[in-house]
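Protein chains in written order, with my numbering: chain Y, 10 to 895; chain V, 10 to 895.
None of these hints come from the bench; they were simulated from the model. Hints are supplied without guarantee of correctness; some may be wrong.
You can't tell identical chains apart in this list, so a pair holds if it fits in one copy or across any two.
Stated by the list, open to error - Okay, derived cross-link-like pairs now, DSS-like style, lysine-lysine, Cα gap no bigger than 27 Å in a straight line:
1) LYS200 <-> LYS841
2) LYS136 <-> LYS850
3) LYS659 <-> LYS850
4) LYS136 <-> LYS91
5) LYS318 <-> LYS617
6) LYS481 <-> LYS372
7) LYS735 <-> LYS178
8) LYS716 <-> LYS318
9) LYS236 <-> LYS735
There are 2 protein chains.
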Amino acid sequence: MPQNVFFFGNGKAEGTREWRDLLGGKGANLHEMTNLGIPVPPGFTITTTVCDEFLKHGTSPGNLRDEVNAALARLEATVGRKFGDPKDPLLVSVRSGARVSMPGMMETILNLGLNDETVEGLAAQSKNPRFAWDSYRRFLQMYGDVVMGVASEQFEQLLSTKRMLSGAKTDAEIPADILKTLAGEYKLLVKHSLGRELPMDPHEQLWGAIEAVFKSWTLKKAVDYRKVNVIPDTPGTAVNVMAMVFGNLGDDSGTGVAFTRDPSTGERRFYGEFLVNAQGEDVVAGIRTPLPITAMADAFPEAYAALMKVQDTLEKHFRDMQDLEFTVERKTLYMLQTRTGKRTVAAAVRIAHEMVAEGLISKTDAVKRVRPSQLDQLLHPVLDPGTRATVLATGLPASPGAASGQAVFDADEAERRAARGDQVILVRPETTPEDFHGIVAARAVLTERGGMTSHAAVVCRGMGKVAVVGCKDIRVDVTKRCFTVGDTVVSERDWITLDGATGRVYAGHLPTVPSEVMRVLGGTLRAPDAPVFQSYDELLCWADGARRLKVRANADTPKDARTARQFGAEGIGLCRTEHMFFEGDRITPMREMIVAHDEAGRRRALEKLLPMQRSDFEGIFEAMSPYPVTIRLLDPPLHEFLPHGGEEVKLLARTLGITRPELNHLVDSLRETNPMLGHRGCRLGITYPEITEMQARAIFRAAVSVKRRGKEVHPEIMIPLVATVKEFDHQRAIVDRVAEEVMGSMGESLPYLVGTMIELPRAALTADLIAARAEFFSFGTNDLTQTTLGLSRDDAGRFLPLYVEKGIFPEDPFRVLDVEGVGQLIEMAVKKGRATRAGLKCGICGEHGGEPASVGFFHRAGLDYVSCSPFRVPIARLAAGQAALE
Amino acid sequence: MPQNVFFFGNGKAEGTREWRDLLGGKGANLHEMTNLGIPVPPGFTITTTVCDEFLKHGTSPGNLRDEVNAALARLEATVGRKFGDPKDPLLVSVRSGARVSMPGMMETILNLGLNDETVEGLAAQSKNPRFAWDSYRRFLQMYGDVVMGVASEQFEQLLSTKRMLSGAKTDAEIPADILKTLAGEYKLLVKHSLGRELPMDPHEQLWGAIEAVFKSWTLKKAVDYRKVNVIPDTPGTAVNVMAMVFGNLGDDSGTGVAFTRDPSTGERRFYGEFLVNAQGEDVVAGIRTPLPITAMADAFPEAYAALMKVQDTLEKHFRDMQDLEFTVERKTLYMLQTRTGKRTVAAAVRIAHEMVAEGLISKTDAVKRVRPSQLDQLLHPVLDPGTRATVLATGLPASPGAASGQAVFDADEAERRAARGDQVILVRPETTPEDFHGIVAARAVLTERGGMTSHAAVVCRGMGKVAVVGCKDIRVDVTKRCFTVGDTVVSERDWITLDGATGRVYAGHLPTVPSEVMRVLGGTLRAPDAPVFQSYDELLCWADGARRLKVRANADTPKDARTARQFGAEGIGLCRTEHMFFEGDRITPMREMIVAHDEAGRRRALEKLLPMQRSDFEGIFEAMSPYPVTIRLLDPPLHEFLPHGGEEVKLLARTLGITRPELNHLVDSLRETNPMLGHRGCRLGITYPEITEMQARAIFRAAVSVKRRGKEVHPEIMIPLVATVKEFDHQRAIVDRVAEEVMGSMGESLPYLVGTMIELPRAALTADLIAARAEFFSFGTNDLTQTTLGLSRDDAGRFLPLYVEKGIFPEDPFRVLDVEGVGQLIEMAVKKGRATRAGLKCGICGEHGGEPASVGFFHRAGLDYVSCSPFRVPIARLAAGQAALE
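Put together the whole structure using the sequences plus the hints.
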């Protein structure tokens, strides 16, 4: 039979830190500390396996009782006290301890072993009857609540009655005799509630407590916590039974928590809090103000010296910042817990970086230590930490950072007001590409509808602009130019503040400050004065050294391209040309093209767009030189460029010189039932080859011009929404012909590639055929996810949250790549494509390019690069480094 | 070097009928007839390989000239005349002849060998100068046009001038001397147009003609014909050079065309037309009215007897109905061509059936002889053959048959008027599921928008109802209740007639008649009086004997189910439950359910729907017993059940007792950007499990009731739009639980299956996982095509025709399955599914289930059944038979 109980004490433990799965995190570390010679109260750990078995079958293994009794006997011998001894009783704590720390989620029983007899022994031994009776009533309350299920409010009510009657302001002032009466009342409460007595036999108490800890694994809060933190349901929790030590025996006792480094900034200084004459729960409860840990040097010099030595030993031993719990009992230090400390991302970066310098960990360790998804917290402006404000509403945290501005309710107004220098926040029921200029002008965007990958969310993340979307609490009324939350009305020009990292919306103007990293990148702070920046920068360099995946950015403007390079992008993986058509007055020739009756009319309009596109491309090529720039040809359906509103149609009809009914009919005829699956992508370029021709001409003219200025250019032209190789062929022929024309007439040649988006299942399935003609693949995982799953990202909001909640999807597949389905197509396409064209360049340019788990998959799938929005480039660099190191 | 020229003549030919690829169809059959001892003018065939080479390299093989000269010498010897002999010249025809007949698409030169000298010899020999000069001027005109490229209108102008000046009414009245002058003018025309002479050297003439025939392979009309008829571009055309025979030498000569059986009815009687003293082109030109072939018995008894023998020989030899061309020259019969005759579908069925009885072909041959796609022409009403009418507009032929009725412009009006006994045709810009009751009530449907697989098209085909969709010629104005075609206005109650087989729309009431097959199935005609029905019926029985695929029908009502059985369906492969919700007043509780605020409200509304669904299912189970019935749970997005118009919203709000703004807000909030990829299918059943529960309850209660009546029932419950096995699991658990409940409470058990639609790429990719839980797969190829290709069938109309025209898609993928893409997913899913669950039942229930080429693929992919609309069941039966025989 396997061993179920493992003993620690007297400088020797049966387990080690490696046994987390079996002993839980807390247990394994108690064993480890014991073996390191660190003072830990002795005790024993019941394994997680027992918990699994107990929860499965409702009973514990047959030999458990014998093992526990043996361990208890050994504990008695070690401590020199007997369990249940009326003179000098051994008291124990019974604590949970899962493999992964789940703070506060499960149950604990302290002071176990007390009963009507042993409490008298404890009073005599401690020479402190009040302490003994207080310990006893606490035990009865905990046990009655946790093990027996009597509502804790009832115990609290009896306690507060006693406080009133004794004239005490706090529990600590209730005298011993009253506490004794209270203990009797607690026992009566249990008996009356349940019809049975709270057990007085310490062994019976112990078994009750052990089983209660096991059962607490399935408490709702514990189950929820595991779901949110993606912790598996097995193994369950271990149970640690430990001899009690008391920090509340008098002024020579105390208790505290500490971190081996500052968990907020990462600074290397011992940091913590301490209370004299108190138990652990008093520190957490916040009734008394704790002292800084340094004050302990004066109060208990020996214990403090011991603690300093212990913390140093533990950090060096565990090679990571530790979160410690300790108690001083009559001047002697006892360690109750050590675990890896939680920290802010700034602290994580700084600690990892500095521990390398200290020789504590390797660069590889450091790269692995930081969660890539947190990195962008270092980039976005933050709410001034000093402010306090009431949350008005909460939506989806679509694009992190904090921003304040005056609410505006349409894109034109946003542009007008921003041009006057106002800070505005664009508030819309939802956004469309028509709102693009408004988004550009606004500091942030707030929408009532739409999910994490809705238009507003994607565009804002791409621009590093704050966004809160799908904020169902608000009702936007565009006509009345206001939004309401319940009875509160926020009108145009009212100030609001968004926190895009939490999805919170605040009324008023809460000040924000740029992050340290951004201040250095922006040149307003010197790097030597910015320890977080230094750590961030060096850590990413180490990741760069490790990774195989290149990291590019999705960038549509020279400004975006420059930002992307600041963040370390090695090229542009997706330059969307359509956004260029929305800027300034370009929308007019674009619309002229759409309403033209024939090719000649379209060509006239395209002729006007050509120089604009060309100058855009020149700026982008220059900003990104010598890296490659992948330009996607026009993708969205044409109706996205036309106005929908009555007034705008009237205006446009006048501008274009056609009648309103004519224009309305055209808008109507372009309307699509499923625009996602409609007339877009290369289908446009095939229907209107002159569009492809104009775009190719603009690209090659720009490339040649930039090359003439002595800069290296690598245009990569990408044909969107290809389903069959024949579509690709059709478009490639136009691009090649224009390339030859332009280079011929300008007398300059340069290398270029023509490739395709793989964003339809059919393209992946026939990748072998497409690769015969395409020089690169770029997986458009947004659309590939939509088509593979048959899931519109604009509409999925109605059921996707439920799907994730029910575990039907492990994650939102638009955030984390669906490896089982979409991933299978990607692997297939890479394999088939490279079977036809060895070494085919493969990348990905969907939203998943900046999501760490997905980046890991792309590494394993053998892609050459990922491309993501500029602000996610650091995340991708780190994730790619981690993937390579796995 | 390969042989390029093959000789035939004097009862012996170098080639046979098997050499179609090399000698073309016409050439191979000329060789074959020669070998059979049938009188054929001697000649030789230049192979298709030469054409391919000529078109590729612009030159003919080096040895061709020697081979042609040798063949020509042999021809001279056989005929006993010399090419270019001024006294008695050999004249030849030069004709194209591809592997597959392309009637009229390529060029022919007759009377070649005539020049200023030989024409005199021909005049002397024939003792008919007018014949000789007419032949000469015809040759000059043909050669000048076809070989030299002078516009034929110019020759025509000279000819008509002569007609005027000579006072002739027809060309035949122009005297010989004028024709001689005309010949001179023709030569001058060529010289002035091109600056060079029309060649007088017969050898030069011959080479020019041969190359002109080769080049005619690439004429636009020939290329288009090949595209439409899916004929490959290689091999090209052969060239047949044959000694001329003349049907226009006098009253002892003539020419004709004939069929060995009636090509219209299939009746076994020799059928054809005949002209005395005429050449072949006169028969075609229709200037003189030809005589029935039987008249030839009197005019040329010997030649007629010979022809009767020849036609009998040829039909027996080729074992199929032949289309013959012949000439009688001075009482002697010459056969110029034989080929398989084109025929109507009725004739095809009857000929195939009768030839089996005659012992001419096997049953297998008969099954293979009929094009399955034509079969439904036998089922739909037909325009009375006697009527003549002007076509008003032409749309897409979405659902065949002919129907007349009064135009109505909304579904309610259609229902009201039909209830009064009026015949109505529903005319809409496009149809939605809301129009369902109107479609049911109407005789036919005409829409302005939508493709071959739009809602109207699919629903109408499913019901065997006539439909013309995507009729861009018309502009429907629902408000004014009319549609316009140019200046013509068709108002409500005006009669129109649709021909769903051609897409034609006629004004007025053109009478239609039910087809023979339908009259027998409907009991108004006895089978013994219906030869076409008998042939149809027996042919399908033979196909049934051969096929491995089962054929089921998509049917939503007991009536549909009964129709499907008449057509031979072996079960229902798709019963869509949503159509039931649109019928009568059921839409109201359905809408109550949608607007309900909570589950309790939804359950109350579902409770009202339960008995209705149950009674529907009872009817369907009874009609289909003992065959299986596959029922798909609710699939479409809920907004499809809500009204969109203002008036209807008002009415509904009143009915449901909620405010209009409330209802409007709800309609608005359910609106989806891409409903195809939205909140539908099992996503509904997961969000609202009570819907699945109600449907399962209705199904099982109905099944048990029908079983109690002593009928066998096999319900197969199908979960739609599954992307992951977890969705399936969730829904299956509900179905199984309800099944247990119902069977338990009703004290009766019966077998049932729970399976899934495979209609998303992800389902196919993870079929191994899904098959662990699903007991059958049914491929929903409509949606699978939409998602795999990223192509909305509602929107594809804007570019799909262009795609097919440009050859980017070989066919409309919603009509003929995209084997390369979608087919790959189907094969993958079948393989993966059966790897998990051996013998997993796999079927298909998309539109492709009734399309012959797709049925062939489904057979090869190893599916167990196809399911299609009832009227397509015969097509599927035949196609499945043919697939098995391949």
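These are the hints, each one checked on the structure:
1. LYS200 <-> LYS841: neither (73 Å within a copy, 61 Å between copies)
2. LYS136 <-> LYS850: neither (79 Å within a copy, 80 Å between copies)
3. LYS659 <-> LYS850: neither (48 Å within a copy, 59 Å between copies)
4. LYS136 <-> LYS91: Within one copy only: 19 Å inside, 145 Å across.
5. LYS318 <-> LYS617: Answer is neither; intra-copy 75 Å and inter-copy 75 Å both fail.
6. LYS481 <-> LYS372: The answer is neither: 45 Å in one copy and 68 Å across copies each exceed 27 Å.
7. LYS735 <-> LYS178: Close neither inside one copy (84 Å) nor across copies (56 Å); limit 27 Å.
8. LYS716 <-> LYS318: Cα proximity of LYS716 and LYS318: none, with 64 Å in one copy and 82 Å across.
9. LYS236 <-> LYS735: between (46 Å within a copy, 16 Å between copies)
Violated hints for the displayed structure, listed by number in ascending order: 1, 2, 3, 5, 6, 7 and 8.
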